[in-house]
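Chain by chain, the residues run as shown.
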Amino acid sequence: MEIKLAVKIGQLILKNPVMVASGTFGYAEEFDDFIDLKKLGAVVTKTITLKPRKGNPGPRTCETPAGMLNSIGLENPGADKFIAEKLPIIKKVGVPAIVSIASEGDPEEFVVLARKLEKTEGVSAIELNISCPNIREKSRLISQDTKATYDLVKSVRLVTTKTLITKLSPNVTSIIEIAKAAEEAGSDALALINTLTGMSIDVNRRKPKIASIVAGLSGPAIKPVAVRMVWEVYQKAKIPLIGMGGIMNTEDGLEFLIAGASAIAIGTLNFVNPGSSVQIIEGLKKYMAKLKINDIKDIVGSLKT
Amino acid sequence: MAHQEQVKILENKKIGANYFELVFRSAKIAKSALPGQFVDIKVDASVMPLLRRPLSIHSVKGINIALLYEVLGKGTEILSGHKPGEYLDIIGPLGNGFSAGGKMPAMLVAGGMGVAPLVFLAEKLKSAKRLVLIGAKTKKQILCVKEFEKAGCEVKVATDDGSSGFKGRVTDLLERVLADNPKAGIFSCGPKPMLKAICALAGTNNIRAEISLEEHMACGIGACLGCVVDTKEGMKRVCKEGPVFEAGKIIWR
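If you're matching them up, the sequences are chains A and B in order.
Counting along the first sequence from 1, when you hit position 236 you're at 236 in our numbering, and nothing is skipped either side.
Here our numbering = 1-based position in the second sequence + 1000.
If you're looking for bench data, these hints aren't it; they were derived computationally from the structure.
Every value quoted in this text rests on a predicted model; they were computed, and no experiment measured them.
Note that beta-carbon positions come from the ideal geometry of N, C-alpha and C, so glycine has one too.
Do not rely on the hints blindly, as some may be mistaken.
To be verified - Partner residues are not named here, just some residues of chain A that face chain B (Cβ under 7 Å, in silico): (1) E30; (2) M68; (3) G105; (4) G219.
Stated by the list, open to error - Coverage of chain A stretches by chain B, computed from C-beta distances (three or more under 8 Å per stretch; other residues unrestricted): (5) 17-29; (6) 53-63; (7) 70-77; (8) 262-274.
Generate the whole structure from the sequences, applying the supplied hints.
Set out below in structure tokens:
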């Protein structure tokens, strides 16, 4: 039986639905020792900003029950250095590069970045990171405001023909409203979820375990929240969803697909087991063979209720 | 090149109050391991703890690799419970090691568990003259004196309470010893305040020093940017450009 794993996200056809989440895979080169990178459906890069960014002071990470907190603060070499030095490495591997972008304050930076990437060969898609909780300049995230989300996606949509993915925050009252705003503004797909905000305290020193106090929670601890949000958004959205949040194995990935995600992204698991993404691709094939499902699309949104 | 491997534990024995030595077999890691590099260990298959535990390479004998660790939390406690014959999921060797190739006299300065990578360095250093200074709070916490002597080093000890060797900090001992060894290079590993003092001493005496830093790590392979330190050349990852850095490059906060 031939197993069809290919999925379509906007204009982008992925040979399989397994990608790696932004911020958990560097710029792919860090994983070259551990996996055959070209087997991945796509690589989503660490978020880039227009100018180089130093990021937040340390400590930046701490372990929590079945998860971890991080507040990296979007440290990155800036768009030009990324295009000159990092993107060619991913291009050479021959795996689709989804470039994650963010602004340091002025939303106009998203537009400038999108224009720059529009002209850059080797950029397969753009992911709008409007949901990073670790930027101090912002009191509120774009992804926490329906109108701000609509306006931002719309302004980027006007300057790019590339596949546009909007990454959503779980730190909202209704993720459905934000998802709909992004869809109406012309986003080709939605990626969900970014980290949940959290904090952790060293009781002996009475100090926060992360220097910036509040940080983003990821890992298996957040998976049920993420699956629920994918399922909620799937029922209202017409565009494809990329599901993520605490996937630790094939079964976790399947939960997201069944809940309605067309593709999945491996995040924190890359830190624990750098070879895991490719193992999950193999795991999906085994599951499909066992259940005699020949097209992955037949799994997407197949939840029986 | 780093590898992910299931390695067989040969030994995992208590060597002091809360200290353990674990020996495992890996031809691949042994072949390329450099002093100062580390391995990243998944202590068990569960998600609690979720992340790997980085431990510096303590010694390499043939294809047997030894790690020295102190039980400090849940991760190291689980690690200490493993028996010979069991397997561990390990990634390594990782990071940037010490420059062991020079022939100039060397001073190895360890604070507490900082002895762990310095034994491997002592075994590999080309220098004819190798002086090791070990500091700790008390005599019980002074580790590896025999290993260093076996590797042909002269060893001096400093304890805060004077229960062994020089009474005072190891950096005070270093300051005294430096007068007799003005041309020596320093290699050091230990707690941050000690490393900071060493950087200051190296600066004022105009001598080359390499220090091994420790930071919380999530991935250990340079992807998460969780373990960065501020340097004169920008933010650097302890797991990738480090853990060993030239002392003069670190910007201390």
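Consistency of the hints with the structure:
At a threshold of 7 Å, the smallest CB-CB gap from A:E30 to chain B is about 4 Å, leaving the interface hint in force. Proximity of A:M68 to chain B holds as hinted, the smallest CB-CB distance being about 6 Å (cut-off 7 Å). With a cut of 7 Å, the hint placing A:G105 at the interface with chain B is violated, because the nearest CB-to-CB distance is about 20 Å. Interface hint at A:G219: satisfied, since its Cβ lies 6 Å from the closest Cβ of chain B, which is below the 7 Å cut-off.
Requiring three or more residues with a Cβ within less than 8 Å of a Cβ of chain B, the coverage given for the stretch 17-29 of chain A holds, as 4 such residues are present. Counting residues of the stretch 53-63 of chain A whose beta-carbon sits less than 8 Å from any beta-carbon of chain B gives 9, enough to reach three: the coverage restraint holds. Requiring three or more residues with a Cβ within less than 8 Å of a Cβ of chain B, the coverage given for the stretch 70-77 of chain A holds, as 3 such residues are present. Judged by the Cβ-Cβ criterion of 8 Å, the stretch 262-274 of chain A is covered by chain B as claimed, because 6 of its residues qualify and three suffice.
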